[in-house]
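**Q** As you go down the protein sequences, you meet chains A and B in turn.
Counting from 538, one number per residue, gives the positions in the first sequence under my numbering.
Counting from 538, one number per residue, gives the positions in the second sequence under my numbering.
Treat the hints with caution; some may be incorrect.
Note: identical chains are not told apart, hence a pair may lie in one copy or across any two.
Claimed, not checked - BS3-like cross-link-like pairs, simulated, lysine-lysine; straight-line CA separation at most 27 Å:
| no. | residue 1 | residue 2 |
| --- | --- | --- |
| 1 | Lys736 | Lys703 |
| 2 | Lys735 | Lys703 |
| 3 | Lys703 | Lys732 |
| 4 | Lys736 | Lys1135 |
| 5 | Lys540 | Lys1012 |
| 6 | Lys1135 | Lys735 |
| 7 | Lys1014 | Lys1177 |
| 8 | Lys735 | Lys1132 |
Just so you know, these hints were derived from the structure itself, not from any lab.
Predicted model only: the values in this text are computed from it and were never measured.
2 protein chains.
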Amino acid sequence: MYKITFQLGEGEIVEAYAAEDENLLQIAQKSNVAIDAPCSGNGSCGKCKVRLVSGELDTKQTRHLSDEEYAEGWRLSCCSKPLGDVTVEVPDIASAYKSRMKIEDLSSEGEISIFDRAKENVLAAGYTFENSMALLDITMDVPTLDDTMPDNERLEWAIAELTGVKNVWMTYSVLHKLAKVLRMEDFHVKAVVQKTAKKIFVYDIMPASEDVVIGGLAIDIGTTTVSMVLVNMLTAEILGKASSGNGQIRYGADVINRIIESLKPGGSKKLQDAVIKETINPLISEMCRKLKFRKDRIYRMAIASNTTMNHLLVGVDADSIRMEPYIPTFFKTNSLFANDIGIDSNRDAHIIIAPNIGSYVGGDITAGTFSSMIWNRPEMSLFIDLGTNGELVLGNSDFLISCACSAGPAFEGGDISCGMRATDGAIQACTIDPETMDPHLDIIGEAGQKPIGICGSGIIDTISELFTCGIINAKGKFVREGRRVRHDKYGMGSYVIAFEEDAGGTKDVEITEVDIDNFIRAKGAIFSAIRTMLKYLDFTVDMIDDVYVAGGIGSGINMRNAVNIGMFPDIPQEKFHYIGNSSLTGAYMMLLSSKAEKKTYEVARNMTYLELSTVNSYMDEFVACCFLPHTDAELFPSVKMKV
Amino acid sequence: MYKITFQLGEGEIVEAYAAEDENLLQIAQKSNVAIDAPCSGNGSCGKCKVRLVSGELDTKQTRHLSDEEYAEGWRLSCCSKPLGDVTVEVPDIASAYKSRMKIEDLSSEGEISIFDRAKENVLAAGYTFENSMALLDITMDVPTLDDTMPDNERLEWAIAELTGVKNVWMTYSVLHKLAKVLRMEDFHVKAVVQKTAKKIFVYDIMPASEDVVIGGLAIDIGTTTVSMVLVNMLTAEILGKASSGNGQIRYGADVINRIIESLKPGGSKKLQDAVIKETINPLISEMCRKLKFRKDRIYRMAIASNTTMNHLLVGVDADSIRMEPYIPTFFKTNSLFANDIGIDSNRDAHIIIAPNIGSYVGGDITAGTFSSMIWNRPEMSLFIDLGTNGELVLGNSDFLISCACSAGPAFEGGDISCGMRATDGAIQACTIDPETMDPHLDIIGEAGQKPIGICGSGIIDTISELFTCGIINAKGKFVREGRRVRHDKYGMGSYVIAFEEDAGGTKDVEITEVDIDNFIRAKGAIFSAIRTMLKYLDFTVDMIDDVYVAGGIGSGINMRNAVNIGMFPDIPQEKFHYIGNSSLTGAYMMLLSSKAEKKTYEVARNMTYLELSTVNSYMDEFVACCFLPHTDAELFPSVKMKV
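Put together the whole structure using the sequences plus the hints.
**A** And the structure:
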């Protein structure tokens, strides 16, 4: 057995031993060394680079490694097997995560956020932001030798008298500190309770003079990104917002790879730890630290996520999601409390999960659908969530039909050589001069930020511009020559968006024919799903009154360009609306409005699911969609006119 | 600072540093070295002996150390302060505990136990042994592509259909293993549930072919001793019985000392650990191991204990029990689950606590009162629980009145120089030849067991015999001379029950005037409480139809002798009944019979409490009782005749 030494950041060392035939990524994973591996180690993503310090590897240079990188010792860990004792340097994924972590204090912000808009919509629909949480101010008689009722009954009686609800139940935590807290200010206390018609559930008590905000947490767990908002449960005010990459990413970029990983011994716990201990808890800690908010004052949570994500979160078997007949453990559950799965908040905080409707349409979509309000209008609307999976919901106040397609990670920058998430340094918009072929870029970050890579909305723009400028053809192949157009030794074309000297990284930012091809398949999956769904209902595109686009693709998405490349149907621009992270706004509304929560369950219950793989024409549609904009140009009259 | 080295059993060493003026017992306690110290370190019990190996101590020889012991290096740790670095040998309390631990497998025993008798009584009173636990056998449809209901809803529906109760709730543990268990035997499972009229609470599921016994645990937590029985919740069968000393004993013999100890920093946790981690959990483990019973199949518990014991168990502040106006945190609570306080069983096992009625009459008495059935008869009965505290309940089916007196540990062998609990080697009965003054002894243990010490019932016999033989007078002073009667240099008399050569230990087993005095005060506390209570009600002794004696004093208690020494009222022998550990049998019945549980709450609610310290005549009564049998000999006509 060979000894493998992983050099992590800040002088940290992990030593491990290689079993026969194991590659470096596998050795790292079993030793809890974090290496980014969105493709789960099949050599396709090129993200799992490590630098060889000493020793010998059975490895080869792939297209993901430049000659310079190879010379410097960089290797793909999934493609490298030790041939002896080996020392490698591992780029610090944790600090990469941390730098990706964004905490925003929104408590004093004036700007209208997506939450404000979502809230306005919900209020306009007659929904109130009332929930079952309440803060009671309770004054009890101080006990005497003639009034010897024990502390817990004294509190229960006082609460019953105050609220008119006789059935009062307190948690062990409350019982545990009761005697002390009651006596701090002479039996004058505040109590954090959940109040329903028949029962009061006492979560916490504190001396009456204490300032108390009842915290709630809405969390969107995306396959790629986790976002959350901390709210004041009584005022619906957003106190802070936080997001970071999903720590599970190193076990695979998509849900199937993660399920497979979770089936290995200890895998379920590993995946659960990656999202809770490595992602959610650090976000909560960091956000609460910045906001000076006590974590144990978070008493309720709403979580929206796809079916696999919520099963891995809860730590339950996800295998049956993937295997026929695709039966999840739960669509919704009432059994979950923070302490059960170790979320860092009040231990008794109840966790509500936005309802799944099947293995491939999860709570992120039902929460998003609620948030889009398409269920509340007679007009026909299409809701599109562009995530690692693409999900679509079509309908109105009379019916809702949903389907899911596997778009892959391209919308969030995955599977694209210079792809990245929509954070600082990402090209989020691009126009190209038809004459000079020089681009004009819009880069996320402060003024002067140089481009590092390209995010989803930037890719849409770039491909659309390359196509409308005649630089690439309908198949995505380069057909014009120029300073920025290059061909490698295999003849594969690429377009340099930013030369190394203008870029923020160490190499050119470019888009290749392989990238374009990957992206065309992603957009093809979306458009063919739309087509199949419309056909199934015997509908035409002009029957769509509104399109709500959600997801992490970025608010900069140019709908015109998305139509140009044949991703969205060719209908007037004003019908498109970008609504951002609707999964998170949906969770926010479920958390704060009991009526919204109830309605979301109802929306989920009434939503029909169309399994695309059972529709014969879907594959034909998909193949036909893998062109710019489509093999049937008549479907895109406005694009046809332009090109 | 001096370094103190504690040598424990089996080569284990604990090193600690002494703060100024700390004695060895204090140093040991803060270092988690277990030393038996029933008197909490005030020098009165003589149990905290350690042997000096090296170093120098500021110490002195007390009456608890013989010259030989002192010469061998034995010192009382509570009376010894280090004068430099010191090494001492500590007798192994843990193994002493373990040897005291008794596990009995009663599953195949034919003999009528106190449980059988208690059960008969309860059944005769029209109470059934039905409780809310049930084992369901559930067959579900196997899911298909056309029947894609998620696992949890499938189970919930099947249970609702089977039971007719729609509101079904499952624990996180069930949700966690649901997918796997359902698929083991094609959706045919067993479920352990709690069933009430409106709700089914699912604790556990397993494949249908598995043999399942729903376990329940009844626990009596005495100040001195902890006892438990493991039962089959569905058949009421007792599977096993276990008991040992209460690990809290080293923090004080009585509740007041333990409360004081619990108020020190970390004290509450320390006391909780002592009873749960060091006492209850080892008993459960050992019993379950012997019975081959899975600990996670214990789904429900009933615990009977005095108010201080249950507060220390739950880890809540016990200070207000001790301080005017004496308000406990709870009389009863519904908030407690095994996982909250770390009892080693199914994590979701609900713990019911026999209700307290005040700071000094706890669940042990209400459970015991239920078990005695005195609440179910028109005849007037007196229930006496002889523990570290003595508690009395007088009444019938119309009323119940209770009081508590501090009898001290004498009934369980404490505060008596050769006293011990009623285990192997204890003299449990004694007669003395009036002529030769030689005793005839009954010793607990196998044939040939030599006497080591004397337990409560043995002390009653010995004092009664010494008195009726005219060896001691009414004040407990020796008035006859003989081979077995000795006087020390201070003139204190003693009677040798067994000379060293006949004893199982290394010294004479004797009873001294100090012991007799201690015991007279203990019995005086009981009888004066009886007198005060009767007076308060304007009753006379002949109105008492039956006396039920409970507690750890031992089934060998001779009621005639207890009357002789003036401990119990002078009424006919046939009116006395020893009912053993009624606290445990009461917990057993609360656990198994929902009706009994409800009735116990009702009994507790209707019980009046008489605070003896508020009755002016109590102290006078007590002083008058500190004679053999009493200053007023007319109260004991049968004894007067005899002496």
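**Q** Please work out whether the CA atoms of Lys735 and Lys1132 approach to 27 Å or closer within one copy, between two copies, in both situations, or in neither?
**A** Both, since 17 Å and 24 Å are each at most 27 Å.
**Q** If the cut is 27 Å between Cα atoms, do Lys1135 and Lys735 qualify within a copy, between copies, both or neither?
**A** both (18 Å within a copy, 22 Å between copies)
**Q** Are the CA atoms of Lys703 and Lys732 at most 27 Å apart within a copy, between copies, both, or neither?
**A** Classified as both: same-chain Cα gap 11 Å, cross-chain 22 Å, threshold 27 Å.
**Q** Should Lys736 paired with Lys703 be assigned to within, between, both, or neither, using CA atoms and 27 Å as the limit?
**A** Answer is both: 7 Å inside a copy and 18 Å across each meet the 27 Å cutoff.
**Q** Given a CA cutoff of 27 Å, do Lys1014 and Lys1177 count as a within-copy pair, a between-copy pair, both, or neither?
**A** For Lys1014 and Lys1177, the Cα distance is within 27 Å only inside one copy (18 Å; across copies 121 Å).
**Q** Are the CA atoms of Lys736 and Lys1135 at most 27 Å apart within a copy, between copies, both, or neither?
**A** both (18 Å within a copy, 21 Å between copies)
**Q** If the cut is 27 Å between Cα atoms, do Lys735 and Lys703 qualify within a copy, between copies, both or neither?
**A** both (8 Å within a copy, 17 Å between copies)
**Q** When Cα atoms must be at most 27 Å apart, do Lys540 and Lys1012 count as within-copy, between-copy, both, or neither?
**A** neither (48 Å within a copy, 83 Å between copies)
Consistency note: the structure conflicts with earlier hint 5 alone.
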